[in-house]
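Asker: Given next are the chains, with one letter for each unit.
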Amino acid sequence: MGSGTSARSGAHLVLETLEREGVDVVFGYPGGAIMPLYDALYGHNVRHVLVRHEAAAAFAAGGYARSSGRVGVCLATSGPGATNLITGILDAMMDSVPLVAITGQVKSTLLGTDAFQEADVAALTHTITKRNIVVRDVTQIIPALRTAFAVARGPRPGPVLVDIPSDILRALHAPDDVEPEPARPRAKAPFPEPSEIARAVEAIANAKRPVVIAGGGLRWADAVDEYRTFVGHLGGPHTATLLGLGCPHPDDPNFLGMLGMHGWKRANLAVADADLVIALGMRFDDRVTGNPARFATNAQVIHADVDSSEFGKIRNPEIALHADLKTTLTALNAAFADRTPVPEHASWADETRERGTPPARDRACGGALSATDVLDALVAEMEPGTIVATDVGQHQMWAAQRVRPSHPRDFLSSGGLGSMGFGFPAAIGAQFAHPTRPVVAVVGDGGFQMSLPELATLRRYGVPVKVLLIDNRNLGMVRQWQQIFFNERYSATSLDDNPDFCMIARAYEIEARSVSTNADLRGAMRAFLQSKVSTLLHAQCFPLENVWPMIPSGTSVEESIEAVPA
Amino acid sequence: MTIEMHDPRLLARIINVAHRFGCGYTKLESTQTGGTYVAHLDLEGDAEALRRLDLHIAKLLHDDKESFA
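Protein chains in written order, with the working numbering: chain A, 1 to 566; chain B, 567 to 635.
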């Protein structure tokens, strides 16, 4: 035992450290091994939000982090509690989300004995965390958690798991440090090499058809302003990945919309014809590139990223800028501040803007409600600054094509992992981070049923999350692929036995309304968004609507389709 | 290759990743010195897979270094 302070339990030291790290809310679910921590939470300043499944705790913490830029924290007990966190931890790893997961563990003396609710969660999460730590001694709790927060923050953020046996949570310790220590700073990001910046400037100045691609890394580098200044200097067209949406200003006429499989055709065409691609904080995901051998074949690539392992993983860049994106863009902006804009960049931007139409609506809906019309109504009626969290599937892509976020933290989506069940709890997490801002969860009928119990979380805390349910009585994206690529053999995608979602919401005392006609859509949307409480809008949509355009997996924009092939 | 790490579990992870990339190893030796581990690995496999594996190992070692900074 140290000296200078009174002895506290390991559980209390956990909470003290969370407070020092600026944590105001944690999302979790109790159980046997983590009971000492829940006992310490009783009446504590750190607010605990009880979700109804541990998976929702990880997704809610992810939504909190994605919308705020702060580290999200989730708690679970050992064994099944910990394993239920795994999808959300991997989601955070894939999208570089700062997350700290704290799990209870069986007593130290029982480790490795197949004790009740024992799981080797360190081994299970080894490949899906930046780091995981099994705390072996109560004196290690504070340093372990401080390391966890520092590593989670970056330079490239990600998840860290801290596993604490229950006896360590109960053990007493009096740390030596009487005064709270400052939070451990995040590791320093590398600075850009001046010679590489000079090469990049020269390549940009010499390019006739440059295209910038904004990726999710800009969000975590807090480089949105620098990005907008940069594309202003460039004067050429730019596009964004799913996670880069919100980096381009939505009113920028040179912004071509989202790139990739279901992106705007003009964005994909621009990249295909570019002579220079400036890739910022993006990783050439297959949903963006299609066949990488046929992606931007005429272009040199400048790739800027804080993680050097991304260089050449999919595409070898001619110029690699290994540095923090904020400092990289600041350096580029300084270089371009005194330069005259290249005239060809503006004419190229004009050319790209005119190519291709906006994402086509599927007009096969007859008189039924179109999901795209529902999302257009949402975009038309929602307040500026609304945070939109999507689930995964067709509605996600329709939303990404239409929602015009003014900041990447205003549009939350499970990009890399594409995890159904993400949207609703992520919206709850975002609402806790932003109690006064409107938050809308856009979900499908498949994913919503993976997270239905969180209606209880809405009810308990009275958080005014709005849930827009796009119900097409199908696992729509899979159904679309079956229609196009599997000879219309619809295997296990029909949800024609869906429950009465409004009745379920009302059972949780959540306000609910349904809409099934275009005539009622605007009024229903307005009432939904103007509600001051948690509410569900159940949009009963045409079941066979497809997402267009679509670049079939592994192909390129030349194979883009905008209707079911005959 | 010779790698230096703080968390010896990285070796298991590297072997797993090598297997995922269709690569294997013909030699693996590791020794502990103070708080670090030095390992010698001989990896084999397709050239492109080995190139990607190198990138992945570099990232793992970077995270290890960042964690123990």
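Just so you know, these hints were derived from the structure itself, not from any lab. Among the clues, some could well be false.
[Claimed, not checked] Quick list of the computed label-pair ranges, beta carbon to beta carbon: (1) A:198 to B:601: 23 to 33 Å; (2) B:586 to A:198: 35 to 45 Å; (3) B:593 to A:333: 45 to 55 Å; (4) B:608 to A:435: 54 to 64 Å; (5) B:591 to A:461: 50 to 60 Å; (6) B:575 to A:340: 19 to 29 Å; (7) B:591 to A:437: 49 to 59 Å; (8) A:334 to B:597: 44 to 54 Å.
Predicted model only: the values in this text are computed from it and were never measured. Where a beta carbon is used, it is the ideal one built from N, C-alpha and C, also for glycine.
Asker: Under the constraints set out in the numbered hints, which ones does this structure not fulfil?
Answerer: When the structure is compared with the hints, numbers 1 and 6 turn out to be violated.
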